[in-house]
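Visitor: In case you want the letters, here they are:
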Amino acid sequence: MKTEALKQALASHGFDAAFGGARRDEEKSRAKERVFSFRNVSHNWDPKRQRPELWHLANTKIRPGESMRVFPLSNWTELDVWTYIHLEDIPVVPLYFAADRPVIERGGMLIMVDDARLPIDPGEKPEMMRVRFRTLGCYPLTGAIKSDAATVPEIIEELVETRYSERQGRVIDHDQSGSMEKKKQEGYF
Amino acid sequence: MARLSVVETEPQTAAERVAARIAAEEDRGLLRFLTCGSVDDGKSTLIGRLLYDSSLVYEDQIHTVEHESRRPGAARGGALDLSLLIDGLQAEREQKITIDVAYRYFSTPRRKFVVADTPGHVQYTRNMATGASNCDFAVLLVDARSGVLTQTRRHACILSLLGIKKVALAVNKMDLVDFDPARFEAIADDFANFAAPLGFELITAIPVSALKGDNVISPSAHMHWYHGPTLLGHLETVDIGRTPGEQPFRFPVQWVNRPHLDFRGYAGTVASGIVRRGDEVVISPSGRRAHVARIVTADGDLEAAQEGDAVTLTFAEEVDVSRGDLIALPGSAPSIADQIAAKLIWFDDEPMLPGRAYTLKCGPQTTTATVSNLKHKLNVDNLDHVAGKTLELNEVGSCNISTARALVFDPYAENVDTGSFILIDRFTNATVAAGMIEFGLRRATNIQWQELFIDKAARAGLKEQRPCVLWFTGLSGAGKSTIANTLEKRLHAMGRHTYMLDGDNIRHGLNKDLGFTDADRVENIRRVAEAARLFVDAGLIVMVSFISPFRSERRMARDLFQEGEFIEVYIDTPLEVCEERDPKGLYRKARAGLITNFTGIDSLYEPPENAELKLDTSKTTPETLAEAVLKELRNRHVI
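If you're matching them up, the sequences are chains A and B in order. Following our numbering, the numbering of the first sequence begins with 1 at its first residue and continues without gaps. Following our numbering, the numbering of the second sequence begins with 190 at its first residue and continues without gaps.
The set of hints was computed from the structure by calculation and includes no laboratory data. Just to be clear, a hint being listed does not mean it is correct.
Claimed, not checked - Which bits of chain B does chain A cover? Going by a derived footprint, with three or more residues having C-beta under 8 Å, they are:
#1 315–328
#2 606–612
#3 617–628
Cβ atoms here follow ideal geometry from the backbone N, Cα and C, with glycine treated the same way.
Input sequences plus hints: build the corresponding full structure.
Guide: Here you go:
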């Protein structure tokens, strides 16, 4: 859904470039991504024919219909982002902070029961747990983590200690091996 | 900004602990390094091992790798395959090779690291160069069984070209040679001999087994004969020796910020050195001087800005500054030239062709450039200089490059930011080459442009005409000079100020040192185009009568002029007619083989595709054709 809607919006306005917040430390195929990432007229990414990005020189030349995805935070880590949020006092949505929330356990993930749109299978029973979201993707495809971190400094300390990656909560990454790469080729951010 | 102060006592709250952590972070240095070497030497496995043994891999990532390692057909027969942590693309995992650079971020209590894992395959050498361009240090891997290979040498050569001064030679797979010290010493010596001319300041050879973990982060139990550092120990302590602020001040202008009439600032990132409020600066290429009034940032004004700071400068004086200009301090101004000597690494399947126009990007400067001369290619296996006409994919060459607009730069050895460039194909938009500037070729290299007060418009205004150049191109004997002469007589009679540059005449003087090879023809046209530009700048109507057989050179000439100033007149006379006329007897000599490289006979003429005027002399008199040109000049309001 996010892929198609994005492609339609980019095409209808004829944008030359779209900025994204993806980082190389998030996921393996994103580790291969350029800061200025070329997309053909169909918004497809071709990982084998990426423009070499030398020094700080970006080749931004495109022909009509082609576009660029630009990732200025490519070289930031998850910890960098939270440190920056802390230093600059940037407001973030409450789902990032730990609170008691109703969740069900599904496929090894904690899915939050936000409202009636989430169909609950027989045998599943929502229970209250102290959780927060480390990453926010499509609902209901994003899992929460058990956490007591209710402030930005507590989140930073949690990240320093964690033994799990940021994207463990994303179903989209686990559909099949290399699924993010496939989605990116189709035009996903 | 809610920056918290560091407390003296043991931090109690999360906020205090985080503040202490951030303060400590600032003292930890950052090392950017790459791993390179031949395919299958174990680069990705080594990084995987480094991360795994330092407990820097998350458990869910380990689970994924464990799962994939157990797949049917997996390379390690079910044992944990750490390279899968790094090789992120499907094609990489399938073929068990690294195609593209992957970046990983990790830190130890002593240092933060960004590591670029680069491909070993010769076909992906450009990606290795890309990874190296942003690194300070390299880990070059060698398989202990096979020793130093062509690709090892190629990578060492590219590291040196890109200015990396210190490398670790990781002799990997020591477990497969029974941890034999003699084998290790032989490889280290072999590499040291090869690399001697490459100018590395430090080569540290370390025997490792990435697969088993020997000497990666902890000393090996199998190699008591080795007393040097482990790989991680070396990475944590190697001195990169960069001291910011020592280099001359360089500020490439990225953007002119003029939100309203009361503010005009020049935005960019300080490439090197330091500037202070009140400093007098020189703006290149104009040579104008100004004083820094303010150093503006989002968090308020600064007293000084240094390497890496993104700032906006404003000046006390009204000066003309554009994107691409370079701001420096007087006494250490950069070089300015439109002919440079540079090293190129070729990245494209389509070979480099001398004379073809490419887009050159050097910092925020963009211009058109041609390789005027390939001096030699570099054989990366033995560092020999080899003669050549073109550069193929992944080849390295020393070239002379001409640019349409003067380039402001420093030699790459002195400043990476202001001495590096890329070439872009003008049709496919592919990045076709990486370039490192060695020096400027013109004698005018270090001379600032003299600021002029009487300009082209003023000079032309006095003559009541609009200056332009009429560029007559066509075969020898086509009638270029005849028509140009007739036209000049008419213009002169009308009281117009003109000048004629004729191919034969110029070759007796300005260009008498040039022959008729392709390279000399390019230079011939370049000089004439420059001379024409000076006459146009003087306010004259200039006629250039030159065979000028190649499209790219005519385009290069056109690019020197402003829109509408360059009028290409194609004298389209068929070869048979020219040959029959043969006013100078040259066709006869060419056919007899007495002269070579003769246009139309054994050298190519590329007819213009979009000439402003096309004249056929086989049916009409020179007078009528001169009249047609006059009519065109009237239409263009030149006269």
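Visitor: A separate judgement is required for each hint: does it hold in the structure or not?
Guide: Here is how each hint holds up against the structure:
1. 315–328: n = 6 at 8 Å, threshold three: holds.
2. 606–612: Coverage by chain A holds here, the residue count being 4 at a Cβ distance below 8 Å.
3. 617–628: holds (count 4)
When each numbered hint is compared with the structure, no violation occurs for any of them.
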